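8 protein chains.
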Amino acid sequence: MNSEIRRTLEAVRAGSLSVDEALLQIKEQPFVDIGYAKVDLHRKVRQGAAEVIYGAGKTPEQIVGILNVLQEQGAGTILVTRLSSEAADFVQKYHALDYHKGARIGILGPLPSPDGLGNIVIATGGTSDIPVAEEAALTAEALGNRVVRLYDVGVSGIHRTLAHMDEIMNATVIVAVAGMEGALPSVIGGLADCPVIAVPTSVGYGASFQGLAALLSMLNSCASGVSVVNIDNGFGAGYLASMINHVAAKGEEKL
Amino acid sequence: MNSEIRRTLEAVRAGSLSVDEALLQIKEQPFVDIGYAKVDLHRKVRQGAAEVIYGAGKTPEQIVGILNVLQEQGAGTILVTRLSSEAADFVQKYHALDYHKGARIGILGPLPSPDGLGNIVIATGGTSDIPVAEEAALTAEALGNRVVRLYDVGVSGIHRTLAHMDEIMNATVIVAVAGMEGALPSVIGGLADCPVIAVPTSVGYGASFQGLAALLSMLNSCASGVSVVNIDNGFGAGYLASMINHVAAKGEEKL
Amino acid sequence: MNSEIRRTLEAVRAGSLSVDEALLQIKEQPFVDIGYAKVDLHRKVRQGAAEVIYGAGKTPEQIVGILNVLQEQGAGTILVTRLSSEAADFVQKYHALDYHKGARIGILGPLPSPDGLGNIVIATGGTSDIPVAEEAALTAEALGNRVVRLYDVGVSGIHRTLAHMDEIMNATVIVAVAGMEGALPSVIGGLADCPVIAVPTSVGYGASFQGLAALLSMLNSCASGVSVVNIDNGFGAGYLASMINHVAAKGEEKL
Amino acid sequence: MNSEIRRTLEAVRAGSLSVDEALLQIKEQPFVDIGYAKVDLHRKVRQGAAEVIYGAGKTPEQIVGILNVLQEQGAGTILVTRLSSEAADFVQKYHALDYHKGARIGILGPLPSPDGLGNIVIATGGTSDIPVAEEAALTAEALGNRVVRLYDVGVSGIHRTLAHMDEIMNATVIVAVAGMEGALPSVIGGLADCPVIAVPTSVGYGASFQGLAALLSMLNSCASGVSVVNIDNGFGAGYLASMINHVAAKGEEKL
Amino acid sequence: MNSEIRRTLEAVRAGSLSVDEALLQIKEQPFVDIGYAKVDLHRKVRQGAAEVIYGAGKTPEQIVGILNVLQEQGAGTILVTRLSSEAADFVQKYHALDYHKGARIGILGPLPSPDGLGNIVIATGGTSDIPVAEEAALTAEALGNRVVRLYDVGVSGIHRTLAHMDEIMNATVIVAVAGMEGALPSVIGGLADCPVIAVPTSVGYGASFQGLAALLSMLNSCASGVSVVNIDNGFGAGYLASMINHVAAKGEEKL
Amino acid sequence: MNSEIRRTLEAVRAGSLSVDEALLQIKEQPFVDIGYAKVDLHRKVRQGAAEVIYGAGKTPEQIVGILNVLQEQGAGTILVTRLSSEAADFVQKYHALDYHKGARIGILGPLPSPDGLGNIVIATGGTSDIPVAEEAALTAEALGNRVVRLYDVGVSGIHRTLAHMDEIMNATVIVAVAGMEGALPSVIGGLADCPVIAVPTSVGYGASFQGLAALLSMLNSCASGVSVVNIDNGFGAGYLASMINHVAAKGEEKL
Amino acid sequence: MNSEIRRTLEAVRAGSLSVDEALLQIKEQPFVDIGYAKVDLHRKVRQGAAEVIYGAGKTPEQIVGILNVLQEQGAGTILVTRLSSEAADFVQKYHALDYHKGARIGILGPLPSPDGLGNIVIATGGTSDIPVAEEAALTAEALGNRVVRLYDVGVSGIHRTLAHMDEIMNATVIVAVAGMEGALPSVIGGLADCPVIAVPTSVGYGASFQGLAALLSMLNSCASGVSVVNIDNGFGAGYLASMINHVAAKGEEKL
Amino acid sequence: MNSEIRRTLEAVRAGSLSVDEALLQIKEQPFVDIGYAKVDLHRKVRQGAAEVIYGAGKTPEQIVGILNVLQEQGAGTILVTRLSSEAADFVQKYHALDYHKGARIGILGPLPSPDGLGNIVIATGGTSDIPVAEEAALTAEALGNRVVRLYDVGVSGIHRTLAHMDEIMNATVIVAVAGMEGALPSVIGGLADCPVIAVPTSVGYGASFQGLAALLSMLNSCASGVSVVNIDNGFGAGYLASMINHVAAKGEEKL
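Protein chains in written order, with the working numbering: chain P, 1 to 255; chain S, 1 to 255; chain Z, 1 to 255; chain V, 1 to 255; chain E, 1 to 255; chain B, 1 to 255; chain R, 1 to 255; chain H, 1 to 255.
Check each hint, because a few of them may be wrong.
[What the hints assert, rightly or not] Derived DEER-like restraints, expressed as beta-carbon distance ranges: (1) S:His100 with R:Ile34: 46 to 56 Å; (2) R:Lys93 with V:Asp98: 44 to 54 Å; (3) H:Asp33 with Z:Asp166: 49 to 59 Å.
[Said to hold, decoys possible] Residues from chain H that keep clear of chain P, each with C-beta distances beyond 10 Å, as calculated: (4) Arg7; (5) Thr8; (6) Arg13; (7) Leu17; (8) Ser18; (9) Gly35; (10) Val39; (11) Glu61.
Please keep in mind that the hints were generated in silico from the structure rather than gathered at the bench.
Predicted model only: the values in this text are computed from it and were never measured.
Here a beta-carbon is modelled for each residue, glycine too, at the ideal position from N, C-alpha and C.
Just need the whole structure built from these sequences, with the hints factored in.
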């Protein structure tokens with residue numbers, strides 16, 4: 001934003017922009033206000049990748065409205081997360097949305113070619129964690145990453161984890177998705193040399209307290225290089241993994 | 001207790017015991033009341049092993065008083081758990097207590113020869129868990145068990161755990177002690193065929209919430225055969241491990 | 001696993017196995033990967049008893065798929081836990097599943113003859129705890145144990161508990177199932193000489209917080225020999241009870 | 001208060017009291033304001049028994065100040081609860097306080113003769129619960145009750161509880177004090193026909209969470225007639241027990 | 001129970017009862033075992049008042065079965081608590097149950113005449129607390145008590161509380177029912193001289209956490225004479241209130 | 001209330017009111033008792049603005065009943081909060097209620113003209129927080145305030161917040177509504193000079209724990225001038241904002 | 001801030017300020033960076049009242065450093081909150097700080113004359129709440145307000161609260177400080193017509209959980225016009241009360 | 001580890017290694033067992049950077065012992081975290097440890113030259129968060145990174161944050177350290193394009209619950225690219241930031 005302010009200030013100095021216009025411009029430029037939402041036009045400029053709409057708590061009508069604005073602004077790929085089947089049905093009347101039911105994600109527009117540094121490995125402790133993992137995987141793919149899926153490799157059958165040493169050792173970043181005791185990130189974090197993003201899931205019952213057990217377990221991981229996102233937040237993990245996988249590219253851009 | 005009631009009833013029937021005496025006997029026999037405590041004389045009879053005094057919340061004077069009663073009643077080995085250094089110093093003026101500072105355990109009398117079925121393996125995730133593990137180990141030894149100690153084999157360096165496959169595979173029962181994320185019992189439970197007693201410790205900080213994270217993690221273990229005792233409850237784990245290691249012996253006794 | 005690695009290494013040494021084949025074998029042997037699940041073939045070899053599928057979070061189709069693999073591999077008895085009525089109806093189209101509605105357990109194949117050391121007593125505090133107790137009981141029976149059921153013997157009518165002193169004193173291991181204040185394991189643990197596995201249930205309301213009160217109560221039991229599994233985890237308790245009831249048998253096998 | 005308002009109103013009507021005086025009287029009569037405290041003069045009138053000062057959070061100087069006011073107003077027995085040894089030393093320079101260290105209670109003035117309906121039984125689960133129980137017992141005695149103490153009768157040795165059936169069956173009201181799993185009130189509540197006041201204590205460690213486990217356990221008691229006071233609130237339990245033990249007397253007074 | 005044991009022992013001594021018969025008698029007498037429940041026959045003898053069935057977690061068929069046993073045993077009034085409308089419909093096919101929908105209570109048999117010492121006042125903070133209050137009121141009435149209902153007298157309009165000073169001052173025992181901030185028992189406890197039973201309700205939203213806020217508030221009441229039962233536990237409060245209201249009667253019985 | 005008591009007392013003194021009548025008057029005047037509710041007639045007198053009915057936990061019939069009483073008493077605008085669509089449909093058969101579905105508020109009677117000191121700004125972090133914000137906005141409008149709505153100005157796009165500096169700087173009081181991390185009040189509190197009322201919402205998932213995360217965040221705000229109401233309590237925030245916006249007016253009234 | 005940006009922009013346009021200088025100015029003006037702290041110079045300008053330093057977590061040396069900067073900038077009254085006795089001793093070597101031990105507040109410079117609209121009433125439930133109340137009172141006085149102190153007027157002796165109806169009815173804003181059950185704000189909120197700021201304190205024990213009980217109670221207050229600040233946050237309450245008491249003045253300034 | 005197993009297997013095949021030796025080698029190579037700890041020799045090989053000892057829960061003697069082993073094995077830079085002043089004093093008798101008191105970190109050996117991709121920005125909300133931030137900063141520097149410190153830029157004075165747009169926009173990765181409401185990562189996450197590692201601190205009081213409020217706030221951040229580590233875990237954040245800052249370098253190594 002800083003550089004934009006500088007540019008505006010320089011225009012003011014050059015006399016090509018009045019003070020009031022400048023003030024207005026600073027205020028109104030970075031988003032479109034459609035009443036119930038300020039549609040952010042920032043990310044597209046900065047990331048060159050997919051736009052994201054968080055679907056929960058929005059009516060299908062609102063989602064269509066936001067999609068309209070984004071498409072008018074020339075957005076490429078658009079991701080709609082936390083989208084129910086019913087809302088997806090409604091949206092599909094207006095937009096050619098590709099809907100993934102388990103992951104509750106809708107994708108509008110073509111997937112970009114992978115341009116990240118390496119592979120993002122996405123691993124789950126069990127079969128029930130797959131929907132959250134898919135949310136992460138699809139997000140990462142929509143943001144231009146190669147994804148390797150390792151599902152049902154939980155630590156209570158450690159040989160299942162160890163059978164994938166190659167993928168784990170060669171990843172640029174790993175997303176470890178687990179419910180119940182949430183031990184997967186600790187074991188993977190001890191095996192890998194790369195950042196591990198831990199995603200607790202609400203899979204479990206009783207003293208799992210809807211994912212709290214896994215969340216606390218992951219926050220206390222004694223493996224280095226592990227950080228945690230919210231319970232069931234597959235999107236957040238996939239987005240962050242993509243950021244890390246593009247760190248180098250960004251570095252180069254700056255030169 | 002049932003058989004004792006039967007014996008009392010038969011003595012009443014035979015006329016060798018009055019009704020009032022019988023009533024008294026049923027009430028007063030199984031413990032000695034010394035005001036601040038009912039000293040239980042039951043366990044010695046049943047287990048043939050060590051008596052146990054829970055030291056926390058008792059004054060040194062009270063502990064000495066209970067020791068006096070137990071010795072008068074002919075107790076062999078006596079364990080005093082949760083005993084502070086200061087209290088141990090006081091007790092040692094009256095009894096030849098062998099005090100283990102880290103584990104906060106005092107032992108009075110000779111250790112019995114191991115007579116359990118096999119080995120009890122006691123493993124810890126880290127160095128800081130050793131005091132709790134030693135409480136379990138000394139308890140198990142005082143109750144007649146062979147103990148194998150595997151310390152600092154936490155899951156974030158899984159090769160350290162796997163290096164002890166022999167001991168893990170050959171154990172009769174395993175006590176897995178861990179703080180922080182508490183993942184050790186899940187990994188060991190997946191490797192072993194025997195009961196695993198999980199002991200969460202208060203080792204950690206922040207979101208470990210004094211052992212809550214490890215406790216929840218262990219309760220949610222997806223490995224079968226794992227059960228959990230209270231945070232830092234090394235004694236309880238050692239006692240239960242001994243029970244399991246003597247299950248067969250007890251079975252034979254009954255024949 | 002250790003002995004398998006040794007055997008593989010010896011085959012390599014003898015030249016009957018190439019290095020690459022050995023590496024492959026170590027990785028792929030212990031499970032069959034069917035995409036959404038790694039079907040574990042380990043337990044059958046080790047336990048000689050029932051295979052177990054955790055039904056929660058799996059689609060009926062996935063359960064049928066896993067059953068197919070297990071039967072191809074020659075599994076004897078197979079237990080499907082946390083199986084809804086609806087899922088059971090679907091599975092029964094493909095497999096002759098014996099479904100127990102209250103316990104939400106499906107059993108495929110014949111029950112084995114009891115070969116454990118003694119009796120497993122399963123007690124409940126109230127009538128509402130019976131479904132969880134039945135999950136434990138059926139699991140234990142499917143794993144080759146004699147089970148004695150003592151239902152509705154809660155501690156607020158202590159005479160109901162004491163009326164079963166014979167069964168309690170003669171058990172090899174006891175599973176104590178209770179909701180609300182969860183005091184049953186403490187009372188039974190004080191009466192019995194054998195391991196007591198405490199199962200908190202979500203029975204109760206208000207400050208029971210879905211079983212948390214019973215869970216905390218059981219973790220703090222002042223009776224020795226008590227350990228705890230997750231809230232409503234009847235399966236885990238039955239499985240562990242079976243392990244303990246077979247400890248001696250296993251000991252003998254090793255000689 | 002109602003009858004006092006009526007009396008005041010009648011005096012106004014009779015002209016013996018001006019409106020402003022009446023208003024003043026309603027406001028200022030029931031307590032003496034000494035700046036940091038409004039010393040309540042109500043209870044003495046209503047109960048005819050001991051005055052109570054809650055010592056925690058008050059400076060020794062403030063306690064002496066309140067004692068001065070109460071004695072000037074002619075209070076008989078005065079109880080100071082939650083009084084530290086240091087504060088007691090200070091107070092004893094000014095008042096002939098009888099200080100009970102374990103219970104942290106100071107008593108000023110003579111104990112009244114018991115005038116309640118029957119006996120108040122005060123039972124504890126263990127030795128460590130005695131200080132809280134003594135707070136209850138001394139409070140009850142200072143309020144005119146006969147107290148029967150049953151200490152260390154915890155439920156993990158149920159024979160110790162049953163040995164006191166006589167006292168339990170004959171009590172007018174029972175105070176059951178316990179830490180750890182807090183099961184004592186449930187067992188006693190099932191045996192007795194009278195109200196049981198449950199007092200959770202902070203005795204325990206780990207998942208007792210400073211008495212939370214016992215508190216939740218007691219709130220969920222499946223025995224009827226059990227109610228609960230705050231953790232370690234011996235005073236509250238003793239005060240309520242006295243109220244119940246004087247219910248009949250009060251009833252008669254009204255006739 | 002003690003006196004029954006004594007009688008049995010005397011019969012044994014007199015030779016009119018064999019030892020085995022005595023043992024049997026001690027075990028089997030106090031309840032009827034109908035498989036899924038031990039129907040307790042104790043309370044009737046002891047209380048001379050209503051029997052109680054806790055309906056939650058029992059099938060309608062089980063409730064009918066227990067009612068059958070109780071009626072065969074000659075029970076007078078029977079209370080079924082936590083009974084859903086659906087279950088009540090089913091039960092009414094077999095028994096002439098009087099069902100109270102809001103309070104979810106069914107009553108079988110005639111209400112007894114009030115024989116308690118005085119009035120039980122039942123007060124609520126708001127309109128939404130009435131169902132819980134009615135559970136308490138109907139329970140108390142079924143156990144032989146006169147009940148005075150004071151509904152919607154919450155403390156945020158203190159004049160509504162003060163308008164009922166007469167009823168509050170003249171009660172033998174008060175049940176104070178409140179959700180949200182749960183302040184009613186503190187204010188009433190400060191006004192009244194009698195025991196106050198506080199019942200937190202799950203009325204509220206957000207940070208009321210289903211009644212936790214009210215529960216904690218009540219446990220911390222700075223008014224003396226207040227004790228607390230579980231959230232929404234109207235039955236428990238009504239039962240305990242009845243016990244207190246009959247304390248004197250019981251005392252007289254003993255003479 | 002004080003002045004009313006004084007007036008009553010003076011009437012008594014003057015002989016124009018008997019003592020009993022006075023007592024009655026004090027008790028019964030400020031509300032109408034319709035059995036299930038004491039309809040408060042106080043606020044109308046004091047505020048001269050809208051009456052409020054809290055709809056949750058009341059049956060539609062009860063709401064109609066209370067509306068009847070209020071209209072008989074001459075209430076102007078009446079607000080019914082937490083009113084479900086179904087209940088609104090029922091009420092609209094009897095009263096010309098203006099129902100706002102998102103905010104779950106029904107308004108009866110005309111909105112008053114704004115007479116507050118300045119503007120109340122109501123801001124939300126996201127689109128999903130709008131229903132709670134509307135509850136606050138409609139409440140404030142019904143109580144005579146000008147409201148400025150700033151929706152979807154969450155802090156993760158700080159330029160969206162900064163774009164509204166004018167409105168924020170010129171507000172008399174601000175209501176900041178946010179779920180998830182609840183950071184909006186801190187940022188706004190740092191920008192504004194006026195009181196900020198923070199309303200946490202239950203918007204979010206996982207570790208938001210139904211608004212707990214936002215609630216704690218707001219309570220810990222390091223911005224001065226921020227206070228917090230219950231989760232989703234739009235009404236409370238709007239009511240308080242109106243009070244603050246009328247503080248000056250009230251001050252003048254008193255002169 | 002907006003107006004400052006506008007002024008800067010206008011200077012740029014006029015050519016009196018270069019673009020780079022403008023950018024610098026926007027960044028650096030509003031605070032002085034002294035390494036460990038950015039000393040904010042904003043509030044003085046905006047409020048014309050006291051500067052505030054939050055003392056907790058700062059070394060005495062850092063506090064002196066910040067005081068130096070503020071005095072150099074010409075600050076009038078400066079408040080240092082959460083200041084320990086030891087730190088105050090150190091600071092007093094360099095600055096003529098007036099230290100209030102109970103409230104842990106230091107004040108530098110003269111107190112301003114009260115210029116608020118009316119009185120701020122500060123009430124406490126008990127004697128132990130006074131330190132927090134004093135923190136609020138001194139803060140409010142340092143910010144130019146008249147404060148009325150009503151201490152020890154807790155709701156369990158409601159006559160003590162009612163005795164101060166005059167002060168409560170005439171307040172512009174009330175700060176209600178209470179620990180334990182935290183009911184004071186609800187009762188006062190029901191009596192008063194003005195905003196009530198509730199301050200939970202950590203006074204209490206057991207299930208007060210360091211103020212959590214009072215906090216939840218206050219958040220759930222059914223009285224309208226109540227909002228809540230953090231536990232023990234006397235400063236925050238005093239600051240907000242001052243803001244409300246100056247709302248009118250501010251309104252006039254804007255004209 | 002995989003490649004090492006392969007090398008071992010090939011040696012076995014070649015006959016240069018016996019089966020038993022191979023087995024031994026796999027087990028014992030990656031760490032040195034010194035009784036109380038398995039000193040891991042893995043990381044040095046893999047990272048080429050600093051070794052790390054977690055100091056908490058280890059005696060000074062144990063730390064010296066581990067340092068001895070690491071130095072014998074040729075470690076370069078060694079970091080000792082969570083090291084108390086007292087332990088540092090002891091260690092400094094044996095090793096030339098550079099001790100940083102605030103951050104509780106000791107560094108042995110020379111700091112490496114920065115070889116990461118770009119800058120790691122470490123920002124704090126307040127002055128009290130600096131010790132945790134320094135733990136992160138020193139860790140990152142010891143692992144070969146350039147660190148930019150932005151301290152006391154909390155969101156309640158948003159201009160302080162915005163004043164550092166340049167540093168924020170140009171970072172490769174940002175560590176955002178904050179206590180109290182923990183809003184800093186959300187605001188920074190919305191401004192920056194790079195990964196943000198959020199570190200909640202235990203700075204705060206009351207409802208901050210030792211960092212829980214900040215932790216929950218950060219987990220619920222609505223800014224994308226934010227992940228969280230344990231409360232006060234500066235080391236973990238610094239380590240992960242270094243990993244991300246070296247992702248590209250690692251990628252290149254693999255080519």
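Okay, the hints, checked on the actual structure:
Checked against the hint of 46 to 56 Å, the C-beta distance between His100 (chain S) and Ile34 (chain R) comes to roughly 52 Å, which is consistent with it. Distance hint check: the CB atoms of Lys93 (chain R) and Asp98 (chain V) are about 47 Å apart, consistent with the given range 44 to 54 Å. Between Asp33 (chain H) and Asp166 (chain Z) the CB atoms are about 50 Å apart, so this pair conforms to the stated range of 49 to 59 Å. No Cβ of chain P approaches the Cβ of Arg7 (chain H) within 10 Å, the least distance being about 14 Å, so the stated non-interface status holds.
Annotated as non-interface, Thr8 (chain H) keeps its C-beta farther than 10 Å from every C-beta of chain P; the closest such distance is 14 Å. Listed as outside the interface, Arg13 (chain H) is consistent with that label: its C-beta sits roughly 20 Å from the nearest C-beta of chain P, beyond the 10 Å cut-off. With a least beta-carbon separation of about 21 Å from chain P, Leu17 (chain H) lies farther than 10 Å from that chain, consistent with its non-interface assignment. The Cβ of Ser18 (chain H) lies farther than 10 Å from every Cβ of chain P, with a closest approach of about 24 Å, so its non-interface assignment holds.
Listed as a non-interface residue, Gly35 (chain H) keeps its Cβ farther than 10 Å from every Cβ of chain P; the least gap is roughly 20 Å. With a cut of 10 Å on Cβ distances, Val39 (chain H) stays outside the contact zone with chain P, its closest approach being about 15 Å. For Glu61 (chain H), the condition that its CB be more than 10 Å from all CB atoms of chain P holds, with the nearest at approximately 22 Å.
When held up to the earlier numbered hints, the structure conflicts with none and fits them all.
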